[in-house]
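I would like the entire structure built from these sequences, with the hints used as guidance.
Chain residues, written in single-letter form:
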Amino acid sequence: MSTGAIIAGAAETNEVGKLPGYSVLGLHVEAAVNAVTDAGLSLKDIDGIATASSIGPVQVAHALGITPRWMDGTAVGGTSFLLHVRHAAAAIAAGQASTVLITHGESGRSRVGAGRIAPTMSSPQGQFEAPFGPVGPPTLFTIPVLRYMKDCGLTHEQLAYVAVAQRQWAAKNPRAMYRDLITVDDVLASRMVAYPFHLLECCLVTDGGGALVVTSADRAGDFPKPAVYVLGAGESAETPLVSQMVDFTESQAMKLAGRDAFAQAGITTADVEHVMIYDAFAHLPIYGLEALGFMPKGEAGAFIADGNTEPGGSLPVNTNGGGLSYTHTGMYGMFATLEGVRQIRGEAAANVNPNISVVLGNGGMFATVGVLVLGSADSPGC
Amino acid sequence: MGLADKPVPVPTPETQPFWDGCAAGELRLQRCLDCGKPYFYPRPVCPACGSTNVEWFTASGDATLYSYVINHRPAPGFESEAPYAIAVVQLAEGPQMMTNIVGVPNTPEDLVLDMPLRVTFEARGELQLPLFAPAGAA
Chain A
1047 MSTGAIIAGA AETNEVGKLP GYSVLGLHVE AAVNAVTDAG LSLKDIDGIA
1097 TASSIGPVQV AHALGITPRW MDGTAVGGTS FLLHVRHAAA AIAAGQASTV
1147 LITHGESGRS RVGAGRIAPT MSSPQGQFEA PFGPVGPPTL FTIPVLRYMK
1197 DCGLTHEQLA YVAVAQRQWA AKNPRAMYRD LITVDDVLAS RMVAYPFHLL
1247 ECCLVTDGGG ALVVTSADRA GDFPKPAVYV LGAGESAETP LVSQMVDFTE
1297 SQAMKLAGRD AFAQAGITTA DVEHVMIYDA FAHLPIYGLE ALGFMPKGEA
1347 GAFIADGNTE PGGSLPVNTN GGGLSYTHTG MYGMFATLEG VRQIRGEAAA
1397 NVNPNISVVL GNGGMFATVG VLVLGSADSP GC
Chain B
610 MGLADKPVPV PTPETQPFWD GCAAGELRLQ RCLDCGKPYF YPRPVCPACG
660 STNVEWFTAS GDATLYSYVI NHRPAPGFES EAPYAIAVVQ LAEGPQMMTN
710 IVGVPNTPED LVLDMPLRVT FEARGELQLP LFAPAGAA
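Chains as they are written, first to last, in this note's numbering: chain A, 1047 to 1428; chain B, 610 to 747.
If a hint is listed, it holds; no wrong ones were tucked in.
Straight-line Cα separation of at most 35 Å, DSBU-like style, residue types lysine-lysine; simulated pairs:
| hint | chain 1 | residue 1 | chain 2 | residue 2 |
| --- | --- | --- | --- | --- |
| 1 | A | 1218 | A | 1301 |
| 2 | A | 1196 | B | 646 |
| 3 | B | 646 | A | 1343 |
| 4 | A | 1218 | A | 1064 |
| 5 | B | 646 | A | 1301 |
| 6 | A | 1301 | A | 1271 |
| 7 | A | 1271 | A | 1218 |
| 8 | A | 1196 | B | 615 |
| 9 | A | 1218 | A | 1343 |
| 10 | A | 1064 | B | 615 |
| 11 | A | 1301 | A | 1196 |
| 12 | B | 615 | B | 646 |
| 13 | A | 1196 | A | 1343 |
| 14 | A | 1090 | A | 1271 |
| 15 | A | 1301 | A | 1343 |
FYI, nobody ran anything at the bench for these hints, they're computed from the structure.
Since the model is a prediction, treat every value here as computed from it, not as a measurement.
Right under this line is the structure:
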């Protein structure tokens, strides 16, 4: 069971963090060149292109001198790149492309060559959410958590511990923006952004890029790095308005995308040795672990606070430090996927040597989700 | 001086009856004439069953507090109110709606989940915006 595709090349921009010397397009280009080089290929070997940027696949392909015979501009938020991997695998299986380049570049912090984001006031968001004073994801993605805390018993300390656990991973990662260890007290003493979320429970805002090269598993031995098998993939959407989420204590899109990805890979949670969950805010690893079925609803907060997801724990989660401590350009799904790839290859800064890594990407505010099951050549199903 | 105004919604043909209701001091929702389910936000198809056989009706205006955040970094026009709650209420008829809570301090102690609320209206541009206050307070 597999999608039939592998990730043959994977790389980030030379640096991530504060990069005022790069435009959005410049970040795409550097990441693309690095990923193609990582695969031992040249840009002329690429015949498919995908990106979620406002720049779009045509601009990226043209800048790189690529003439695509397949392209995907799916732009559904920070998880888009996980969907691109899934779509690329299907296109490769259908013979529509042989080698697909997926790029991300975002000047989220420095805003060089980047557009503004504001809802149109005649859109559903503009009419029925924007008038009440939200200021982006910190005030929208976060709204469900008080309901989760009341119904499921999550404490403020457990929510804060998500950031504490991930900082322990970041401390092992020289590329992470924040590496000093923190305590629950530190998190709860940090500036309030949108109650109950403190600054240290919110992701960073950085510049950076990343890219992936996807091709057929038939070519697994043809590249310099170990092949990373895309064993399964899923995607779903719930709502563009967080206020319309069916149940504030769980994400339907996470559950549906995870179910499809696990089914395609033929795995259960017992097979999973490493997890990346897009953590724009501290509650998302909790929602994600539960939606993927690692524990019953209401237990993930205690699971994390008991140390299970940190270094030495039974289920390593967000081992690059996550969006909370590593980097977060705005569409972090690329970086979550890249850490999954590095872990399977055995080249992560804090490697846990998994045979199977699951990556869950979020888009919008509980709007969209993509899930990838990545495996080594030794994983079941390869 | 120099501060931006709060954002003003721009109705579309599909949502105009909702805003007309607000102007009349009524909270108007849609419901499906085939499956019977009420829904929000306004659109010409029932999200529960896919029927286009839908109608407008006047809701009770009663709700409970479903969830919220208290925003410490105000949006343009909200500077004098920060920190202020951005809330989602559950209407008595079932649908959820984003709103602001008035008539009570916007603190974690005063905003208790599931507290009963009632709709009230506040001018915003040429429109009336549905806000909610503790039931019995108005």
